[in-house]
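Colleague: The residues making up each chain are set out below.
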Amino acid sequence: MLNYNQILAPTPRDLKPSGIRKFFDLAGNVDGVITLSIGEPDFKTPWHIRQAGMETLQAGRTAYTSNAGLLPLREAISQYCHTRFGLEYDPVSQVVVTVGGSEGIDLAMRTVLQAGDEVLIPEPCFVCYSPLAQMAGAVPVALPTYEKDSFRLTPETLRTAITQKTKLLILSYPNNPTGAIMRKSDYEAIAQVLRGTDIVVIADEIYIELTYAEEPCVSFAQIEGMQERTFLVNGFSKAYAMTGWRMGYLCGPKELIRTALKIHQYCIMCAPSISQYAAVEALRNGQEDIDRMREEYNMRRKYLLRTFRELGIPCFEPLGAFYVFPNLSQFGMSSEEFCRRFLEEQQVAMVPGSAFGESGEGFARISYAYSLEHLKKAMNRLELFLRSLS
Amino acid sequence: MDNRERVLRHLERDARLEPGNIADALSLPEQEVRRIIEEARADGTIVGYSTLINWDKTDRVYVSAMIEIRVHLQRGEGFDSVARSIGSFPEVQSLYLMSGGYDLMVVIEGKTMRDVALFVSEKLAVIDGVTGTATHFILNKYKDKGITFNVSECDQRVILDI
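Residue numbers (the numbering used here), protein chains in the order written: chain A, 289 to 678; chain B, 897 to 1058.
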C-alpha cells in the first residue's frame, strides 16, 4: 500500500476542512430539516437566458472560444462596467472570462503571489480566500471586522495589519456571510491607506447587483487611483441565478491581466462556450430579471429583520447579498452550539458564524434564498426554540 | 415602471401578499402601498381576487370549453351589449373580444359535455346577433395566469462545502 500521506503535497493536504461541511454532515442525519444555509439563488435562470444556451447547442457552437472568452461577451462585460460604474476596461486586453468568480479569485492570487507574501483577508468571509492564498504559497492574515462597524473594514484595522510582506488585500463586499456593504466613503478611507504602497486589491464584487440601499453600490475600482491596483472579480451566478453555468470574469490593468490570462489558458483553456453565449444574453437583456429577484430578496430580508427584532435578537441591517447575520451571543453558548441545538431540537439548519472566521463567533449566517413561506416556517421554529431556552 | 404598476404586479403574481411585504420589496412606506391598493380597488383597477386551483387534483367532475362566437351587429348596437348578455351566465368563466376570424371568445365550465352542448344550443346560439359558434373542449390545462400546472418545484440545490 502506498503511503499516500507522504505522496500528497503538504499544502493541500493540510488545508483545513470547511466549517460548513462539518456542520452539514450533522444536518444530514436529521429528518425533516428546514435549511437556511444554501448560498445560491432559489430562482431558476431566467428562461430567455436558458434559451440562449439551448440555441447555442442547436446551432452546434460547441468549440473552444478564444482563451480570454468570446469577444462579444468581453465587449458586453466592458460595456456593463462602463454604464454601471463608469469604469473603462478594454475588452481585448483587460477582461478574462472565467469559470465562475472563484476561478477569477484564484487567477488573481496566482498572478501576483509568491512564497511568503501576506494576503490581508477581512473576516468573517467566504471560505475560499485563505486556502487559495495558501495554495499560492502565501500567508493569509485575517483582518477582523465587527458588528459595531456594520462589518465594514476600517482603515485603522488595515493600517495596523500592513507589513513589508503585504502583497494583496481582499475586499469582498457586498459580503458573504454578513451582508455588509462598503459605502463610497468607506472605500475612500481604505484607498487613503493604500496610496503610496504597492498593495494589490482583489475586489470580489459577485453580489454587487444585490444591494438594498437607496444609492447603488460602488465598485472599489471606481475610487480615484484604485483601478490600477485592482483585480475586479464579478460573475453571473448571483445576479442572474446562473450558479451552475459557472460564468465569471476578471478585469484589471492589462499588465496584470496578460499574466492572469497565461495561467487561465494553461489550466482551463477557456470557459465553457455554451455558458458564454448565455451570459451575453444575460448582460444584454437581463436587467429586468435582476430587478425582479432583488425585490423578492428585499421582501424576505426585511421580513427576517423585523422578526429578529420581535424576537429580541440583535441583527445589524445587511444591505447586500442574500444573508442576514444575527447576533446570538446573548444566549450564553457558542454559535456552533446554538446552531447544533437548534438543528437537533427544531430541525432548522443555519451556518454558525465561526465557519467564516474567528470574528464570526457569536453569529449565524441565515440565507434568504428561500421563499417567504419557507422562512416563516423556520422563524416559527426559532421562536419555539428561544422559548425553550428561557 | 411607476410605484402603482409595481405594486399591482406583485399583487397579480400573489394576491396573498400583505401590503407590508410589498412595501418591503419595493422599499416604500406601508401606508403608501395601502393607499395604492385602496385606490386601485376603488377605481376598479383591482377587480377581484381569486385562487388558482388545479381541479384535476380533486374528485370534481367538470369539463371546460373554449367557444368561438361570430356576431352580426344590429344597427346602433356594439359588441358590448352582446358581451354583457353572454357574460351574465354564471357558466361563463372568461369572455374576450377578439380580432381575426370570429368576434367573441368564451371559456365556460360545465359538469358534462352535454351541459356545455346545451349551453351553446339553448343559451348562446339564441342570443340576438349571434350567427355562429365553434366549440373546442379543453383537454388539459398546462399553464394559467402565469403559473405552470403539474410541475413539482422541488429544491434541486445541493449543499456545498463552501
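Derived from the structure by calculation, the hints contain no laboratory data.
A few of these clues could be false.
[Stated by the list, open to error] Listed next, the stretches of chain B that the computed footprint assigns to chain A, with coverage defined by at least 3 CB atoms under 8 Å from CB atoms of chain A: (1) 916 to 922; (2) 957 to 967.
[As the list claims (entries may be wrong)] Over the 10 Å line for every Cβ pair with chain B, so calculated as not near, a few chain A residues: (3) Met514; (4) Glu584; (5) Gly600.
C-beta atoms are modelled at their ideal positions from N, C-alpha and C, and glycine is treated no differently.
Colleague: Determine for every hint whether it applies to the structure shown.
Modeller: Results of checking the hints against the structure:
no.: 1; hint: 916 to 922; in the structure: holds (count 5)
no.: 2; hint: 957 to 967; in the structure: violated (count 0)
no.: 3; hint: Met514; in the structure: 28 Å, holds
no.: 4; hint: Glu584; in the structure: 6 Å, violated
no.: 5; hint: Gly600; in the structure: 20 Å, holds
Checked against the numbered hints given earlier, the structure breaks hints 2 and 4 and satisfies all the rest.
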